[in-house]
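Residues per chain, in single letters:
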Amino acid sequence: MKTKANSKPEQMLPLGDIKVQIMAALPGAACEIVPNPGPSGQDSLRVEPASVLAVARFLRDDERHLFDYCSNVTGVDWLDQTVSETVKVAGTDAAGQATELEEKVERVVPGYLEAVYHLYSVAKKTGPLVLRVRTGNRSDDVEIPSLTPLWRSCEFQEREIFDLYGIRFSGHPDLRRLLMWDTFEGHPMRKDYQSPDETLAFATANGKEDV
Amino acid sequence: MNPSATDWPKRSADLSDDGILEISMGPQHPSTHGVFRMNVKLDGETVVWLKPVFGYLHRNHEQLAEKMSYFGSMPYTDRLDYFSSLSNNWAYALSVEKLTGIEVPERAEYLRVLLAELTRLQNHSAFLGFLLGDMGAWGSVLMYAFRERDLILDLFESLTGSRMMCNYMRFGGCRCDLPAGWLAQARKVVDDYPAFLDEMEQLLVGNEILVARTQGVGVLSGADAINGGLTGPMLRASGVDYDIRKVDRYGIYDRFDFQVPLGAHGDTYDRLMVRLLEMRESLKILDAVLREIPEGPILDPKSKSRGLRPPVGEAYARLEAPKGELGFYLISDKSPEPYRYRVRPPSLINLTLLEDMCLGSKIADVMVILGSVDIVLGEVDR
Chain A
557 MKTKANSKPE
567 QMLPLGDIKV
577 QIMAALPGAA
587 CEIVPNPGPS
597 GQDSLRVEPA
607 SVLAVARFLR
617 DDERHLFDYC
627 SNVTGVDWLD
637 QTVSETVKVA
647 GTDAAGQATE
657 LEEKVERVVP
667 GYLEAVYHLY
677 SVAKKTGPLV
687 LRVRTGNRSD
697 DVEIPSLTPL
707 WRSCEFQERE
717 IFDLYGIRFS
727 GHPDLRRLLM
737 WDTFEGHPMR
747 KDYQSPDETL
757 AFATANGKED
767 V
Chain B
6 MNPSATDWPK
16 RSADLSDDGI
26 LEISMGPQHP
36 STHGVFRMNV
46 KLDGETVVWL
56 KPVFGYLHRN
66 HEQLAEKMSY
76 FGSMPYTDRL
86 DYFSSLSNNW
96 AYALSVEKLT
106 GIEVPERAEY
116 LRVLLAELTR
126 LQNHSAFLGF
136 LLGDMGAWGS
146 VLMYAFRERD
156 LILDLFESLT
166 GSRMMCNYMR
176 FGGCRCDLPA
186 GWLAQARKVV
196 DDYPAFLDEM
206 EQLLVGNEIL
216 VARTQGVGVL
226 SGADAINGGL
236 TGPMLRASGV
246 DYDIRKVDRY
256 GIYDRFDFQV
266 PLGAHGDTYD
276 RLMVRLLEMR
286 ESLKILDAVL
296 REIPEGPILD
306 PKSKSRGLRP
316 PVGEAYARLE
326 APKGELGFYL
336 ISDKSPEPYR
346 YRVRPPSLIN
356 LTLLEDMCLG
366 SKIADVMVIL
376 GSVDIVLGEV
386 DR
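In the order they appear, the protein sequences are chains A and B.
The number in the numbering used here is simply the position in the first sequence, starting from 1, with 556 added.
The number in the numbering used here is simply the position in the second sequence, starting from 1, with 5 added.
The set of hints was computed from the structure by calculation and includes no laboratory data.
Note that the structure is a prediction, hence the values are computed from the model and not measured.
Accuracy of the hints is not assured; some may be wrong.
Result set (DSBU-like, lysine-lysine): computed pairs, CA atoms no more than 30 Å apart in a straight line [as the list claims (entries may be wrong)]:
#, chain 1, residue 1, chain 2, residue 2
1, A, LYS575, A, LYS681
2, A, LYS681, B, LYS72
3, B, LYS193, B, LYS56
4, B, LYS46, A, LYS660
5, B, LYS367, B, LYS72
6, B, LYS367, B, LYS56
7, B, LYS72, B, LYS307
8, B, LYS193, A, LYS575
9, B, LYS289, B, LYS309
10, A, LYS660, A, LYS575
11, B, LYS46, B, LYS56
12, A, LYS681, B, LYS309
13, B, LYS339, B, LYS367
14, A, LYS680, B, LYS309
15, A, LYS747, B, LYS309
16, A, LYS747, B, LYS193
17, B, LYS72, A, LYS747
18, B, LYS289, A, LYS680
19, A, LYS644, A, LYS660
20, B, LYS367, B, LYS307
21, B, LYS72, B, LYS251
22, B, LYS46, B, LYS309
23, B, LYS339, B, LYS289
24, A, LYS644, A, LYS575
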């Protein structure tokens with residue numbers, strides 16, 4: 557048994573530098589920085605599912621980063637969104653001259669599910685590095701690679717996301733529901749989830765339906 | 006033997022597989038610390054396979070929180086790890102403050118440290134009692150521990166109105182100031198605590214049965230513990246120097262002089278000792294807090310609890326709760342409810358390596374190893 561004072565924590569490299577190093581080490585990797593407009597300043601690094609395993613392995617093993625500890629894994633559900641945009645189209649003005657007109661168009665941005673990983677380095681005492689991986693959509697293209705082979709701390713947390721959000725993690729050693737029972741249908745943390753209790757109507761003693 | 010994910014629900018006993026006995030421990034087992042179940046396969050008395058089963062206390066805390074205001078979730082955080090409600094309050098307040106950029110007045114920071122360290126003291130004291138209960142010393146150690154814990158709960162009650170569900174922290178400070186005479190009473194508790202710790206150490210540390218039941222049981226290497234996401238005393242018992250109070254220096258922890266006890270073997274005995282030593286370090290912090298606590302406001306006047314609409318963005322904030330890293334991850338879309346509210350539960354994630362710790366142990370050691378993880382099911386299942 558020994559006690560010892562901690563060393564001063566190091567500063568994490570800016571996310572832009574980390575991205576440059578990733579691109580240098582893994583030329584094929586597809587990642588981009590997602591800025592965080594809030595006061596916390598925790599920007600995140602979005603990685604395409606195809607390259608997330610390589611990027612994560614690089615972040616874990618590279619001497620400059622050593623993100624050996626994956627603290628928090630969570631899912632986020634982003635619904636389809638209708639955004640209205642103003643676009644400029646060619647047209648003619650009142651005098652018949654060719655000009656640019658502004659036109660409002662509505663566009664549906666398809667929704668997706670997202671897994672968010674918060675990585676820390678115990679060796680360098682830095683972090684968090686926020687890693688985001690998106691699925692193709694919310695229905696049939698929901699498979700992304702599991703990071704449990706790299707960090708075992710993801711095991712239960714990815715199971716929880718599979719359970720509550722319905723993201724399928726390929727390569728997960730034991731992908732089962734974690735909190736809900738196995739015969740449960742649906743994914744309760746999705747934003748459009750309807751609990752059966754809210755939709756069931758029960759007959760009451762005086763014959764009226766009580767919702 | 007091939008553990009399959011599909012053979013569920015399992016029969017509680019199966020003798021067909023070459024004498025491998027499969028048993029279901031829990032969820033009503035008295036030593037599983039709540040409604041927690043383990044499916045265990047035994048070869049004789051030796052554990053060859055173990056899978057925890059969760060969800061008996063699941064109430065989708067995160068979904069509830071996403072349907073109510075930011076402030077509305079504060080009392081519900083008490084129910085996560087109901088032994089350490091004040092740490093939970095603080096962790097949630099910390100992440101909302103990070104999300105919104107609210108400042109915390111100095112006196113409130115001192116109050117938070119004061120209450121968080123008292124929480125750590127009573128949590129670790131109760132832990133010792135429960136762990137010894139798991140080993141068969143049922144009752145007596147726990148009652149000694151609860152005697153001291155009750156003195157701290159008295160302090161909580163006179164300040165917050167509740168012994169366990171304290172609901173005391175607010176975004177940007179604390180709810181109410183200390184009642185008259187509170188600091189003197191707290192000083193007495195802190196001054197008397199070392200005598201209790203000495204008594205506990207005399208009772209436990211050299212005890213032959215305790216040593217036999219804990220040394221070399223449930224050994225975990227530091228590298229495995231980091232990779233498995235273990236935090237708090239579990240991680241430090243494996244010799245990893247990582248205490249979020251030192252690493253993140255949240256609040257005002259950079260002002261206090263304390264050390265981080267580390268284990269050398271990563272076994273159950275080290276987990277017990279690390280917590281015992283941690284209590285002594287907490288007392289150092291408490292001593293300094295009680296000496297230095299300044300007068301002043303306890304709530305940032307600009308902060309508001311009701312009608313809070315944080316700017317668009319996200320934040321992850323964490324702190325060193327008694328059981329490990331407790332974090333809250335919030336995404337705001339500028340509406341009154343959080344778009345995403347996530348609790349990073351140390352109790353659940355510390356169980357990731359439960360099977361690794363138990364493989365090869367005797368069935369009677371499983372309870373001791375589980376006890377040394379120190380879980381609360383309110384937090385595991387959320």
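Do the hints match the structure? See the list:
1. A/LYS575 with A/LYS681: holds, 20 Å
2. A/LYS681 with B/LYS72: violated, 35 Å
3. B/LYS193 with B/LYS56: violated, 45 Å
4. B/LYS46 with A/LYS660: At roughly 65 Å apart (the allowed maximum being 30 Å), A/LYS660 and B/LYS46 break the hint.
5. B/LYS367 with B/LYS72: It is violated: about 46 Å lies between the C-alpha atoms, which goes past 30 Å.
6. B/LYS367 with B/LYS56: At roughly 16 Å apart (the allowed maximum being 30 Å), B/LYS56 and B/LYS367 satisfy the hint.
7. B/LYS72 with B/LYS307: holds, 25 Å
8. B/LYS193 with A/LYS575: violated, 54 Å
9. B/LYS289 with B/LYS309: Roughly 34 Å separates the two Cα atoms, so the pair is violated.
10. A/LYS660 with A/LYS575: Since the Cα atoms of A/LYS660 and A/LYS575 sit roughly 36 Å apart, the hinted pair is violated (cutoff 30 Å).
11. B/LYS46 with B/LYS56: holds, 9 Å
12. A/LYS681 with B/LYS309: violated, 33 Å
13. B/LYS339 with B/LYS367: Violated: B/LYS339 and B/LYS367 sit about 53 Å apart, past 30 Å.
14. A/LYS680 with B/LYS309: The hint is violated at about 37 Å.
15. A/LYS747 with B/LYS309: holds, 27 Å
16. A/LYS747 with B/LYS193: violated, 51 Å
17. B/LYS72 with A/LYS747: With a Cα-Cα distance of about 10 Å, the restraint between B/LYS72 and A/LYS747 holds, given a limit of 30 Å.
18. B/LYS289 with A/LYS680: It holds: about 27 Å lies between the C-alpha atoms, which stays within 30 Å.
19. A/LYS644 with A/LYS660: Since the Cα atoms of A/LYS644 and A/LYS660 sit roughly 9 Å apart, the hinted pair holds (cutoff 30 Å).
20. B/LYS367 with B/LYS307: violated, 58 Å
21. B/LYS72 with B/LYS251: It is violated: about 35 Å lies between the C-alpha atoms, which goes past 30 Å.
22. B/LYS46 with B/LYS309: Violated. B/LYS46 to B/LYS309 sits at ~53 Å, over the 30 Å cutoff.
23. B/LYS339 with B/LYS289: violated, 42 Å
24. A/LYS644 with A/LYS575: Measuring from Cα to Cα gives roughly 34 Å; hence the hint is violated.
When each numbered hint is compared with the structure, violations occur for hints 2, 3, 4, 5, 8, 9, 10, 12, 13, 14, 16, 20, 21, 22, 23, 24.
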